[in-house]
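Going down the list, the protein sequences come from chains A, B and C. So for the first sequence, our numbering puts the first residue at 1; every next one is plus one. So for the second sequence, our numbering puts the first residue at 1001; every next one is plus one. So for the third sequence, our numbering puts the first residue at 2001; every next one is plus one.
Honestly, the hints are just simulated from the structure, not real lab data. There may be inaccurate statements among the hints.
[Stated by the list, open to error] Chain B is faced by these chain A residues, among others (derived, beta-carbon under 8 Å):
#	residue
1	L38
2	I43
3	A44
4	P92
5	M141
6	Q149
7	E243
8	E255
Ideal Cβ placement from N, Cα and C applies to all residues, glycine included.
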Amino acid sequence: MNYNETQLIAIKEFLYKIADDQLIIGHRNSEWTGLGPLVEEDIAFSSIAQDKIGQAQHIYEILHSLGEADADTIAFTRSAADFKSCHLAEYPIGEYDFSLMRNFLFNHAEKIRFEMLADTSLEQLGKLAKKYRGEIKYHTMHADTWVKQLGRANEESHARMQTALNETFNLALGIFEESEYAGELKNMGIFEGEDILQQKWIEAITPILEAATLVIPDKNTWQPVYGGRKGYHTEYLEPMLEEMGEVFRLDPKAEW
Amino acid sequence: MKSIDPRINRLNLPENNDGKEVLDKLEQWETYEVFHQKKRGDQHVHVGIVHAANPELAIIMAKEAFGRRRQTANLWVVKSSAVTATDYDDQDIFETTPEKTYREASDYYCMDRIRKYQQEHGIKDRKEDRRKKKESV
Amino acid sequence: MYGNAQIDSKDKARSLTEGEDPIKLAEFEARIIRGEKIEPKDWMPAAYRKQLIRMIEQHAHSEIIGALPEGTWITRAPGFRRKLALMAKVQDEVGHAQLLYSAAETLGKTRENMINDLINGKSKYSNVFNYPAMTWADTAIIAWLIDAGAIINQVTNSKGSYGPYCRALERICSEESFHLKYGHDNVVFLSTGTQQQREMVQDALNRWWTPIMHFHGPPDKVSQHTEVLMRWKVKMASNDDMRYRFLDEYVPKIWDLGLTIPDPKLCKNEETGVWEYTEPDWDEFKRVINGDGPCNKERLQVRRWAEEKGAWVRRALLKAETKYTIPLA
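All chains should be built: construct the whole structure from the sequences, respecting the hints.
Spelled out as structure tokens, the structure:
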């Protein structure tokens, strides 16, 4: 498939966005390994993190086939300004309520994004989206179960989950920050648009949050946290990337 | 407390361990027995337990505890308290089972009887005949 | 990862079979001699139950604590392949803790009590994890050589007499096979890589050699108890047996990579076939296992943090009508 220069920029930005989100949130989630509230849940949570990092790797490989550097170089040597991930992903892990709620909001967006990509004209991406359907299904099953149960369980868990939702909601809206190349992506038949994704996302999470007896912030109060897609990040991302690349950057040419 | 592990440092651990017990009784919930089916068509096999607060959570836990590193088509979870089992003290109720060979195919052999009758009554054994013809060719 | 029966000094005074019904004891021992497994609801001597609980529980704690030194480098693993493999490995270790706690539960100790005993320092875990993983190369050495030592223990103990423990060990052995390959692969890349990588892994090996030599436990003194525990197939081989097996299999492999081992005396006596080495400092072992090691405090503080921070989750979902049943197998 031959792309002109603008189209190629649009595609690469799109792919970076998806993969960077997965890498960053996967990396954050991996920080819970060995620290979870119950042994069985520890295993589940770190397995979900691993899935995300594996998915990121495969999308970086598509970028490599389009002329970008190899996956390891992309992931371990770029600095914060080059990352297209949303702010939601880069926040520290907080307590379990924060991480669970972050996952819930993020995973539903990702699930719908992959569904929308099943018929994308970007074949390589479509294949991955179909392949990872099962994984993301479990990620949302896991998140839904915890959010519903903790939302309803007792006063403390309800309060914690509501606070977590309040803290993460605007950050989650940042997932849908639109690209200046949205038109190109739509015309090429690659992706219908972040606004459609956001709409479907609200429709998906509302009944689950209701079942959890949790309240979505009023639409009038929404303040989406944008900037991530354009390389503007919080003070959390750069130190996180430095840590992630600490060993790799000792010698990026070495084979580890 | 300072660690060489950056993620541990972010936890801001206190210097001292107050020695108090952390877990209350039953805080690890109940156990569920897990049954695992490798492929469609296979039997479900018992593989172990998970601790969970309810069946829904037990499935979520079992998926990773027992489906993480092996091929899986399906999982069941059953509360440990719901299982009724025989007593190992009663293992002897099964003792004579292997002796009842009249239930085994291998217990049935009557070629000798057939041969004897054929010889006594001059009956040709067709199978034996075909075999001899093959050999003489 | 690690499991080996350690006798409690309070047990030394009494015989392990004191006060047990002689007929039941004879039937129990005959079953073991026939090669049959003991299952949870079988009659068993009190000392058998006690030793097994302690052994399996310590093994479980070792897995969950063992996740911490390697976990130090999860966020810093270089490259996707290593990052994913290390995450998978550490997940497996937590999974092994889960399997082992379950096996210990069949003997009547609750997981709550086991975890409380770990955090309070009443229950022990493998001493080797009280040392810090200073560099990335440390995780490679741990993944190869500590896992190797553990696998030798596990394969041996999987032929023991207690059904649930054997079943858990078989599962663990099959999952651990990739751990060993991953660890070896990692050490190979480092030792055959750049100067910086070679120095890093040699330095790690130098620092970890003493804990590795301590891993299988102090040299056995033949005692009445060892004999009984071996008859009951609780202890399947002596500490020295396991150590020799480890040295025999892995020292040549270490030397094959051009790495040196910081023990000038280490060599295999060609005539006797026995490995000769400088006896490691067993006083250090004793000090560290009793709490005075570089990381003991941190390891338990982390576990305490994890359990305290997770309490609200567990208590929120705990229903009033919860009733605990001992797992069946």
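Please name the hints from earlier in the document that this structure breaks, with their numbers sorted from lowest to highest.
Violated hint (a single one): 8; every other hint is consistent with the structure.
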